[in-house]
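Undergrad: Following the hints, position chain B against chain A.
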Amino acid sequence: MALKIVKGSIDRMFDKNLQDLVRGIRNHKEDEAKYISTCIDEIKQELKQDNIAVKANAVCKLTYLQMLGYDVSWAAFNIVEVMSSSKFTYKRIGYLAASQCFHEGTDVIMLTTNQIRKDLSSPNQYDTGVALTGLSCFVTPDLARDLANDIMTLMSHTKPYIRKKAVLIMYKVFLKYPESLRPAFPRLKEKLEDPDPGVQSAAVNVICELARRNPKNYLSLAPLFFKLMTSSTNNWVLIKIIKLFGALTPLEPRLGKKLIEPLTNLIHSTSAMSLLYECVNTVIAVLISLSSGMPNHSASIQLCVQKLRILIEDSDQNLKYLGLLAMSKILKTHPKSVQSHKDLILQCLDDKDESIRLRALDLLYGMVSKKNLMEIVKKLMLHVDKAEGTTYRDELLTKIIDICSQSNYQYITNFEWYISILVELTRLEGTRHGHLIASQMLDVAIRVKAIRAFAVAQMAMLLDNAHLLTGNMQRNGICEVLYAAAWICGEFSEHLEDPNQTLEAMLRPKVATLPGHIQAVYVQNAAKLFATVLRKHEGATDSQAAQETSQLLVERLPLFVQSANLEVQERASCILQLVKYIQKLQQKDVEVAEEVSALFAGELNPVAPKAQKKVPVPEGLDLDAWINEPPSESESEDEKPKAVFAKEETKHSRPRHTEVDEKELARRREARKQEQANNPFYIKSSPSSQKVYQDAPGVEHIPVVQIDLSVPLKVPGMPMSDQYLKLEEERRQKEKAEKKKKEKKKKREKHGKGKKHDSGPESEEDITPAHHVDIVTEEMPENALPSDDDDKDPNDPHKALDIDLDKPLADTEKLPVRTHRSEPLKSPGEDGDVESVPQEPKKRSSKEKKEKKKDKDKDRKVCQLDFSVRRITDSNKNGCYLETKWVVYTHLWAVYDIQGNLQDGSQVVVSVIFENKSDSFLKSMEFNVLDSLNSKLQRPEGAGPHDGLVVPFQLPPGVSNEARFIFSVQSIVMPQKLKGTLTFIVKSEDSSTHEKLDFKLHFTCTSYLITTPCYSDAYAKLLESGDLKSSSLRLEGVNMPFHHLLARICFHHHFSVVERIDSCASMYSRSIQGHHVCLLVKTADQTVSIDAKCDEPSLLGNVLDEIKQTFSQC
Amino acid sequence: MRFMLLFSRQGKLRLQKWYTATAERDKKKMVRELMQVVLARKPKMCSFLEWRDLKIVYKRYASLYFCCAVEEQDNELITLEVIHRFVELLDKYFGSVCELDIIFNFEKAYFILDEFLMGGEIQDTSKKGVLKAIEQADLLQEEDESPRSVLEEMGLA
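Residue numbers (the working numbering), protein chains in the order written: chain A, 1 to 1114; chain B, 1 to 157.
Hints in this document: simulated from the structure, not taken from any laboratory.
Ideal placement from N, C-alpha and C gives every residue a C-beta, glycine not left out.
Misleading hints may appear alongside valid ones.
[Unchecked claim] Short, incomplete list of chain B residues facing chain A, as computed with Cβ under 7 Å: (1) Ser47; (2) Ile78; (3) Asp124; (4) Ala137.
The shape of chain A in the complex, shown without the other chains:
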């Protein structure tokens, strides 16, 4: 034995420690991977040793490798081993490794429950601390449920160090196990007034985090927080509280009014920028929530804006950035106050820091109005030209489009200008946003009817100059706009001045170099154009021109028929055949134009993005039901092609689109609009488009306005959009003048009568669009309501924490505690490991409560206690083993640990942690057990055999403390239960009563076993010796991986694995009195057979019973 120790220590001296590993990695820069793989092999060897120091060192190295990105999940069990070391040094490393490597999917986590529980109740506060820290990183729903109660107890620990950590970790527990929130909340609330500032700030942190997600449940705490806010001087805490108020005020405007004053005071007085920033943010939030009616409302906003201006002007980039960020929040509700700082914001566009420029861009987004849109966009276009680096330029481009298209093109008064901007943007080199520009072109052309003629003219120009866009391969992204251009020219070809020319442009051989999907659109729209051309010429009886066009198509289309792209090929060959057919008809002088254009008749309207979701499922349609029974797997192969064939057939028979005639469509649309207008629940579209409707009701009735092209399509040397800007200014001036005239007239008419007209310098409403714009709204299924809540994420973990906290706690709401049962006697097997099922304990506890109530009349509370046994820990120095047990009582909670002592085979130490759960003072506690022949409570000399032991402390409310009792045990071959009583005095303000609590202590056989490693040769000798009696056990329906099963036996029953070969393993353990217990575990098809040998048959029988019990519960 001694030799082995010596050998182990010498080995250890030659092991690499962490520093060596790090140094090694740094020295092997060239072949790092190879070096690390040899290190991992070494670590594997080290983990196989029994010396915990070696294991801890190995685990520490693994944690480092994990950070470098290596998978260490295979060592999870070793990490658990190191965690359960009794030495703080190793425990600390174990928990660190666990917190870095474990996650919800780590299966050994469930084995840690009892270890963690033990550490939580450790007398050493740093053990507890390290366990709490680790747990905060890898807590799972199961751990949260099983440990919630322990952690809640720790919130009232005597040491602030522990209280603080326990309070903080509760937040993680709530997230994983929301049921714990209500029972734990009262205590959490208490901690807001904890004497220790650290604990107090922890409680503020947790409640603020909770309240931020579900503010309405925390409104009742507002007075308390208000008090804290006005009294606290700790900026960290203040920031949290102020943030909390920011979340609460939208729900309670009165609170907001009360807050403004202290907040503005803070803004004036504080020198801490972080606090100032938080205050400004919250004031903004408050003012947003206060709709109106605040007298000094604008003063506060002014103060905020001023302070933010100082931030933005600061040389510190961070403050500048945040100032702009906060400014954008004010902008939403008080655009005017921000707009006066436009100079500053435009200045920021030139900042050297890109992120600041982007923030300034964000602000511009909200600062535009009908009045200044063109001007701002002009500035941005200048920046686009100047910008270095495509990322920022692309960002500018998207911002321009965002700014212009926001709220349904609300601020665009002149769409010709917008189209010109889009066309100008296509000249950007190397942009990735061709697609975005294209979709804007399509959207505007489809939805703004009045602009179609202009758009078509511009698009035709783009198509004509396509070589400019496609010339350089680097400009690839931009060719997407050709997609839009081709489609717009085709779809709205009636507006084309010279469709022949455009058609020719679309069929140029160079088109074949474009991406496939664009070519496909080209081909399809060439056909549309062809239809238009035919119609045009047929009216004029100019058959020659029409035939020439057909000839053009017949000549050019074969190029596309040869395309490698299927879509292009298919469309081209269809259309080619069609044209050839038409050509024949033309030669016979048959009029075909009407029929050809019928191919492309009907209007395409945009569909709302949520429309599909809103289509109600027709009655009787079950989408989950099989239409045909799914083919069974055994079905022969030859049926498969048949199914494919059938599918194809249905495809063919399906009509392309249902024909609804125009009138019917118009009628339906009108009816729907009527209905929407009358329905008060229908969310009306944005005010601007509504206004448009008022001007011109009905989409269909707007005559397509003849656009007076006051600007020539292209002016050399000057971007076209600028001309629009100029024109627009002139137009406004003119309008203003006219209006003034009118107003004067009106004034003269209405003089002395009614209110005076407020004619400000130039208000938003004064600006009328250049021409009537009809923005087609997106189509929705009938009766569907647009709603915003479609987008909420149902998987948000915080959703589960939306719990009313003011409701009093119900009897059934209790944190799960392994509760005692009412039956006094039970077979030991049934008391085995309990992995508590969520509902069961609740039911039980409520039942017990009822029972207790009955007993109350007799003024004597009896509590039957029974302890479930859980295997807990690994070895420590002197080989003690712990069992955690629970007692629940209205006044008192207690945790019991039973420790076997290897050095003295006849002694067991029971340590009890008592916790006072009542509001009263508990004192004069006396612990007594009725001795059996076998087990006796060790009493001090001179005491009688029935005297109780005085617990050496008193318990103020909410306090816990630990006491130890030693039992002497003679035989350990049978499980035992000892009856006992605990008497104590409950002292409340006006009375003191004597209380008595009955309980039972349960010593299982497993608790006398000690994990002892054994080598395979020694093990073989032991089995050969023939001294052992055998017994066996079969478990059916065990559905878990084998290594898992072994881990369970190791963990719950203190065995160690001697050898494992495939699905067969030998295991060993030893009792405190030196009995050998050997197991041979085999598994096959969910059946586990255990052959066991032991020199004490009855001990063996009992241990096997307990093992059986463990597995019957999983």
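TA: Structure of chain B alone, referenced to chain A:
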């Protein structure tokens, strides 16, 4: 706070702490992506950036980048303060800290971080409090180790 990363200018990860459960693969991806973004920023740029749905607050101390991911509503300046406080703590503990201290004593750096932040929330706002807790815990560790000299361990004493 969602997570904290320490990495070097060369893009070597020195410390990582995740306060929400994240799969190993996603972690790696996020770290790689974030390092690229942060390292690409110029020195004169501000310390904040928006990344995915998070706000990133970072600061460079000598060759090391300290980088925190916080949520939308969180206060950037206080996060910067957290980073600074952590650096101060490291500095006090190691005595003018350098990157090598953190590389070779990475577990110590974690212990300090764990005493300062827990579950992503500030645990102790006083520097002294944190350092005291660490000292005490270290003392406990030394008590564990000191009585056993090598000879004792070898069973020769």
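Undergrad: Quick one, is the aspartate 124 of chain B hint okay against chain A at 7 Å, beta carbons?
TA: holds (5 Å)
Undergrad: Less than 7 Å between beta-carbons is the criterion; does isoleucine 78 of chain B satisfy it with respect to chain A?
TA: holds (5 Å)
Undergrad: Does alanine 137 of chain B hold up as a contact with chain A if the rule is Cβ-Cβ below 7 Å?
TA: holds (5 Å)
Undergrad: Interface hint check: serine 47 of chain B, Cβ to nearest Cβ on chain A, cutoff 7 Å. Holds or violated?
TA: holds (5 Å)
Comparing the model with each numbered hint stated earlier shows that all of them hold.
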